[in-house]
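**Q** Each chain, written out:
There are 2 protein chains.
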Amino acid sequence: MIWKKLTSPRVFGHGITMNANPYEELLEYYRETSYLEGANSILGWDQETYMPPGGVQDRALQMATIAAMIHRRTVSNELTSLLKRVKDGGLDGRSGAVYREINRGHRLARALPEEYVRELKKTTSIAQQAWAKARSDHDFASFSPHLSRIIELKKREAEYIGYEDTPYDALLDGFEPNTRTSYVTRIFHDLREKLVPIVKKITTSGVEIEDSFLRRDFPIQKQREVLTDLVTDMGYDLEHGRMDVVTHPFSTGTPRDVRITTRFDEKNIKPALFACIHEAGHALYEQGFLEEHYNTPLGEPVSTSIHESQSRFWENIVGRSLPYWRRNLPTVKRAFGNLDDVTPEMFHKAVNKVEPSYIRVEADEVTYNLHVMLRFEIETEMMDGKIETDEIPQVWNDKFEKYLGIEPPNDALGCLQDIHWSFGYIGYFPTYTLGNLYSAQFTESMISQIGELDHKVESGDLSTVLGWLRKNIHNHGKYYTADELVERITGGPLSENAFISYVKRKYTDIYGITL
Amino acid sequence: MIWKKLTSPRVFGHGITMNANPYEELLEYYRETSYLEGANSILGWDQETYMPPGGVQDRALQMATIAAMIHRRTVSNELTSLLKRVKDGGLDGRSGAVYREINRGHRLARALPEEYVRELKKTTSIAQQAWAKARSDHDFASFSPHLSRIIELKKREAEYIGYEDTPYDALLDGFEPNTRTSYVTRIFHDLREKLVPIVKKITTSGVEIEDSFLRRDFPIQKQREVLTDLVTDMGYDLEHGRMDVVTHPFSTGTPRDVRITTRFDEKNIKPALFACIHEAGHALYEQGFLEEHYNTPLGEPVSTSIHESQSRFWENIVGRSLPYWRRNLPTVKRAFGNLDDVTPEMFHKAVNKVEPSYIRVEADEVTYNLHVMLRFEIETEMMDGKIETDEIPQVWNDKFEKYLGIEPPNDALGCLQDIHWSFGYIGYFPTYTLGNLYSAQFTESMISQIGELDHKVESGDLSTVLGWLRKNIHNHGKYYTADELVERITGGPLSENAFISYVKRKYTDIYGITL
Chain B
1 MIWKKLTSPR VFGHGITMNA NPYEELLEYY RETSYLEGAN SILGWDQETY MPPGGVQDRA
61 LQMATIAAMI HRRTVSNELT SLLKRVKDGG LDGRSGAVYR EINRGHRLAR ALPEEYVREL
121 KKTTSIAQQA WAKARSDHDF ASFSPHLSRI IELKKREAEY IGYEDTPYDA LLDGFEPNTR
181 TSYVTRIFHD LREKLVPIVK KITTSGVEIE DSFLRRDFPI QKQREVLTDL VTDMGYDLEH
241 GRMDVVTHPF STGTPRDVRI TTRFDEKNIK PALFACIHEA GHALYEQGFL EEHYNTPLGE
301 PVSTSIHESQ SRFWENIVGR SLPYWRRNLP TVKRAFGNLD DVTPEMFHKA VNKVEPSYIR
361 VEADEVTYNL HVMLRFEIET EMMDGKIETD EIPQVWNDKF EKYLGIEPPN DALGCLQDIH
421 WSFGYIGYFP TYTLGNLYSA QFTESMISQI GELDHKVESG DLSTVLGWLR KNIHNHGKYY
481 TADELVERIT GGPLSENAFI SYVKRKYTDI YGITL
Chain W
1 MIWKKLTSPR VFGHGITMNA NPYEELLEYY RETSYLEGAN SILGWDQETY MPPGGVQDRA
61 LQMATIAAMI HRRTVSNELT SLLKRVKDGG LDGRSGAVYR EINRGHRLAR ALPEEYVREL
121 KKTTSIAQQA WAKARSDHDF ASFSPHLSRI IELKKREAEY IGYEDTPYDA LLDGFEPNTR
181 TSYVTRIFHD LREKLVPIVK KITTSGVEIE DSFLRRDFPI QKQREVLTDL VTDMGYDLEH
241 GRMDVVTHPF STGTPRDVRI TTRFDEKNIK PALFACIHEA GHALYEQGFL EEHYNTPLGE
301 PVSTSIHESQ SRFWENIVGR SLPYWRRNLP TVKRAFGNLD DVTPEMFHKA VNKVEPSYIR
361 VEADEVTYNL HVMLRFEIET EMMDGKIETD EIPQVWNDKF EKYLGIEPPN DALGCLQDIH
421 WSFGYIGYFP TYTLGNLYSA QFTESMISQI GELDHKVESG DLSTVLGWLR KNIHNHGKYY
481 TADELVERIT GGPLSENAFI SYVKRKYTDI YGITL
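One line per chain: the protein sequences are B and W, in this order. Counting along the first sequence from 1, when you hit position 283 you're at 283 in the working numbering, and nothing is skipped either side. Counting along the second sequence from 1, when you hit position 197 you're at 197 in the working numbering, and nothing is skipped either side.
The shape of chain B in the complex, shown without the other chains (with noise of 0.2 Å):
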């Protein structure tokens, strides 16, 4: 019964341990560094879970100060010095990655002038509450001079990051280091070429497919108990983690403190059960790295799209896979006691129903790489200087009906829809999709290794899927890059034709038409 910050007045740290190999010190260095990101990332968990509301103005505070920390870490002279020893050394395979990505996020934080980051920071959050009144008033004219200004601020920031053929490449690369616009825009191209007349086939051959069984009365509690079961039998190590409950679902966390969120309602079991397996997924991707190189380079995932090949592999192909409901229908049906006529072929094919509808994340598998691609289209033109802020909703309707065949009544079911570009986010849209392509083309691999899926997924053999995910993916961290990971596990650089064949397969099955 004592008040917690009293107890401790002259605690404090550990001192950095001054080493005389280069290497070594920069790894010390970097890892002071990632502790800071570590308590931010649960000081945000906590915002998002169990903050009191009126504690959001301190939280505010200490995030930026401690980012603020973070960041004279990553530009400071110390680290440029201590770069240039190691790099004079001699670098190997392991400490030429870790020099490389390292000296990466040193090259691009030192790149963005002070001034230039406090501006931004001013007009995003400015344009973040804009976007809300926008998006609820239905009104993008309000919200188009906001995104105007923060595309000018990206182009500024394309001009000091630098890049060789498009200002899109120095945002995409934020995200998705070595991958250039150009790459993305010709397999969109190809993609969407394939994908578009799929959607056409599926939504007028008829086939119609009852789920109205999902939006029965499912207590929360059970819900909860039933996730807790599956993200388990997956691999996900409560020890190291835990589930709660967000508005919007998201993983976070440190190497050995990884945390999911889910989402419940009671009349739909569809959004806790997806959302859960989907963070799970990333989850395990963060449980995956080697102990020995928490809080380094070469324990951290190589970028956000193969991140997202991780949580679409598990929701997507193991999650929403027929053997999966074979296995694990029967756990669900006890849990809720009122699923009795259902069989697993009718919940899988309710849960991988394709329907063109207006919101991304509610989107199924097959129409919601188009929503990503739209989006990367409209970015790549404003950003290209192409087109103007305030066409975007002619420009976002025209595409939409193009793509998906129905054209959304209002902004807020448009354009507005998603908060990404008020934060400033320009080039994180197309790596949702990169993620599918990702885990489709990572799955050929895996089954031509460990044989078939199916099987291992109905018997519960989940430990051999994920242990082949570890060894050739989760293990590395990033020691290759992802046009390195891919060449070595796949043979071949990333293209779209494992997720259409894997597409067809799947919706060929499922709607009984030839694709």
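Honestly, I wouldn't trust all of these hints.
Using 25 Å as the maximum straight-line C-alpha spacing, the simulated SDA-like pairs for lysine to any residue come out as follows [stated by the list, open to error]: (1) K122(W) - Y30(B); (2) K222(B) - R224(W); (3) K333(W) - I447(W); (4) K133(W) - E239(B); (5) K222(W) - Y50(B); (6) K353(B) - F423(B); (7) K122(W) - Y50(B).
These aren't lab readings, by the way, just hints derived from the structure by calculation.
Since chain B is already given, all that's left is putting chain W on it; use the hints.
**A** Okay, now just chain W, sitting in the frame of chain B:
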């Protein structure tokens, strides 16, 4: 559904506003340190509440890193020169108090060489493990050399900090600024002389108090609801706070986010009830600082004992009073439905039952201070070299028998019960009793100004009570030192008189004997 850490690769914080006014500059510098302390408070809270067991190592690294940054900021030459500029610019009441407190922390932190701090940290880490094992083995001898090492270090610490009379002064000062050992010794002596006969009279009175109804079935969810009502009635603001469950209750937080914790026993309503009211008392102090002073010394508690005076006031003087249970027992009865045979008078007596017992944290209000004084005496004698650590069990048991009339059957129920010494907290224990004395003395002044407390408590008018505390204590933060505060409020220095009067009056009523 995004991986949190990756969404803001380049977001960082506010810069420090450079200010031509050195006082404002000093405040800004101090505030940034305070945000880091706030971050560590929340991380510490998470560690005790929701952190998965496997996260302990990561958390230790995060908190140590942040603590090191707080320390660097507290000892920095930048702060030395800022303080000098502020002083040279001239000080008034407010800036004088701010200067005094920041300078005090700066001076104390600079007094300790980094090498010493590291050694203390290492020694206490090992000592904590040794203490846990010794306690479970009932074997003080195995802990003795660790404690001996800590005492040696604490003697060194006292030399670094400096003192006039005795080394213990330097340690006491860390928790209770400006309070002399000789002063505490004198008060404690007088208090003991008066308390021991009171305890004896009560325990030999032959009066048996019935309290078995406190150990009926009290479902935890109901306890939680009742406690939420009770702390809200006290004025605890859940918009800026929350209540969670832990093993050892504490409160912590930041100005706008003050959290309390409690523990529940389904078979005993007492622990949760008084732990919760106690912690809410602490929290009300923190919630009573003025917003304009948040994150400065004027928005911080005066000292450990003044903090404790607030928790004890609410727990004992209000929460264990008859009018409080006249007011609140009906709520408790309604919630549980199994106390129909219990009157407020019975409840009041039951929660105030005096019974010499071995464990301090379970002790009643009368015997509690004897537990504390015994520890204080042993601490000062160790620091003065009058006893060696291996003599502690004997000294402890002798004193225990003398003060409380019983002798602990083993060291786990005796000198090994508290974790404090293993942390290196020498000088903390007396603040518990000082808190009790302050609370009684403040209450006399409160009553003389707002009228009898009983009527206010029974009518539920706690806002007048809280209002008085806010105006006279909370709102000032560290503006006054503890001795200035007690002089200002009560017109005299701290003494044991008010507490003894309170105890005599209260227990004469309860036990029906003349004390």
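**Q** Give a verdict on every hint.
**A** Right, here's what the structure says about each hint:
Proposed proximity of K122(W) and Y30(B) is supported: the alpha carbons are some 24 Å apart, at most 25 Å. At most 25 Å may separate the alpha-carbon atoms for a hinted pair to count; K222(B) and R224(W) meet this at roughly 22 Å. For a cut-off of 25 Å, the pair hint linking K333(W) to I447(W) is broken: about 30 Å separates their Cα positions. Under the criterion of a C-alpha separation no larger than 25 Å, the hint pairing K133(W) with E239(B) is consistent with the structure, at around 24 Å.
Annotation: proposed proximity of K222(W) to Y50(B) holds, straight-line Cα distance about 21 Å (limit 25 Å). With a C-alpha separation of about 32 Å, the suggested pairing of K353(B) with F423(B) is violated against the 25 Å cut-off. At most 25 Å may separate the alpha-carbon atoms for a hinted pair to count; K122(W) and Y50(B) exceed this at roughly 33 Å.
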